[in-house]
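Asker: With chain Z fixed as given, assemble chain S onto it according to the hints.
These are the residues of each chain, in order.
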Amino acid sequence: MHAHIKQRIESTINNIAALPTIPEVAAKILNMVNDPDVSFKAVAEEISKDQAMTTNILKLCNSAYFSKGKEISSIDRAIVTLGIREVTNIVMVVAAKPLLDKFVIGYDLAKGELWKQGLLVGTMAKRIAVQRNRKDIADIVFTGGIIHNIGKTVLAIFVQNTYNDIMNEVTANNVTFSEAEKSVMGYSHEEISEKVLEKWNFPPVLKAISRYYSDPENAPKEFKQEVSIVHIANTVSIMAGIGIGSDGLFHQLSSDALEATGIKNEDLEELFSKIPEMTKQVQEIQ
Amino acid sequence: MNQTLINVGVAQVKIGQNPTILRTILGSCVGICIYDRIKKTGGLAHILLPLDTAKGATPEKYADTAIPLLVQRLLKEGCKRENMSAKIAGGASMFKFQSNVTLGQIGDRNIEETKKILEELKIPLLEEDTGGNTGRVIDFFLDDGHMKVKAAGKEKMYYKV
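Going down the list, the protein sequences come from chains Z and S. Numbering of the first sequence is given in our numbering, commencing with residue -16 and proceeding in unit increments. Numbering of the second sequence is given in our numbering, commencing with residue 64 and proceeding in unit increments.
Simulated from the structure, these hints should not be mistaken for laboratory data. Ideal Cβ placement from N, Cα and C applies to all residues, glycine included. Just so you know, not all the hints are guaranteed correct.
Claimed, not checked - Derived Cβ-Cβ restraints for the label pairs, each shown as a range:
#1 Z:17 - S:207: 54 to 62 Å
#2 S:146 - Z:269: 34 to 42 Å
#3 Z:154 - S:185: 18 to 26 Å
#4 S:171 - Z:86: 26 to 34 Å
#5 S:207 - Z:143: 45 to 53 Å
#6 Z:264 - S:184: 29 to 37 Å
#7 Z:52 - S:163: 26 to 34 Å
Next up, chain Z with everything else stripped away, as it sits in the complex (with noise of 0.2 Å):
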């Protein structure tokens, strides 16, 4: 273990500004949303006070891969159009896109690699809930594969200054990228997104999506579904070669995730093979 390592990211993570930050109107909406007295104007309002925001979000719902077909020229009408939740979707893409769409040193992501990951985890996750009955929590596990690797910016200096340790932990001890990552740093990259969450006061089913997504077997019952779900785009993204970096494949594909959703082996394959179009289909949006 490097302690001076492990104390750097300490002071890090207790010091809110050097985490990222997303617009305010991110967790102002998800928060809006849960709650089922919610108006649909408070909700326009709200995101129509950010006029740069507002650009992209229109622009994202007259896109291919969200337009209904219909020009959308307001957030009102947007609503209307294509429902609350699909907009809080787009409000998401709109926010985290500066914050992962860059180089990420350490985990050798090349600008843009993180991006297009989110995006193909989060549509890939949206997919299997709604293949397996579970469209109410198919705009969650969307928001949860776009944002769930957000700790990788923040530690991936980190991981640059201890890159060999951390393999040769993988490799002696037979354990995961993440779990070496946390023996040797103190900390995983998961815990560090879940820190991140925690500050932009994102509801507890993303925390829980993004400190466990390597993980399922661990995450808490309530939220099993949503984590299993992320897990598998995850895991399948990275082993098509979308998003993976110097962790390469180290990393389990549980078979925990599998059984809690009920995913067999031809699902998941037909997934992995889909794999093409789903990509062309983000580029619309990346």
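Answerer: Frame of chain Z; chain S shown alone:
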């Protein structure tokens, strides 16, 4: 020299000429680099799965259809089969999975089928960087046909053509 870099995505087949560089990123997929050393023209196929199950709808996805397609495109460019050779990379597996999960073995199955198809097409496989658990970024240089593989922070070069 003015080298252009072309990214080859999942389930794509691309060809180019000296001095192009073809790049792709691989997990369990396999990248097949075929080069004509006389014409200094080559191509890269990034296959996802071993066997075509879509009846030819997306031939770029599968080893058994993408590799013949790549060879055909090279022949169309005026390459000669007797001057072609291949190098392959990728086919990694997840570090941990239960043996009854078939997707876990997809890397090995991709490598196996790729080798079988190259043999059927009588294209010599000269070098390979396959298996294990690492992701790979491969650059295929069409000036002389060498392949650079970056995996787990280290670079390796493969020169045989």
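Asker: Which hint numbers does the structure go against, in order from smallest to largest?
Answerer: 3, 5 and 7
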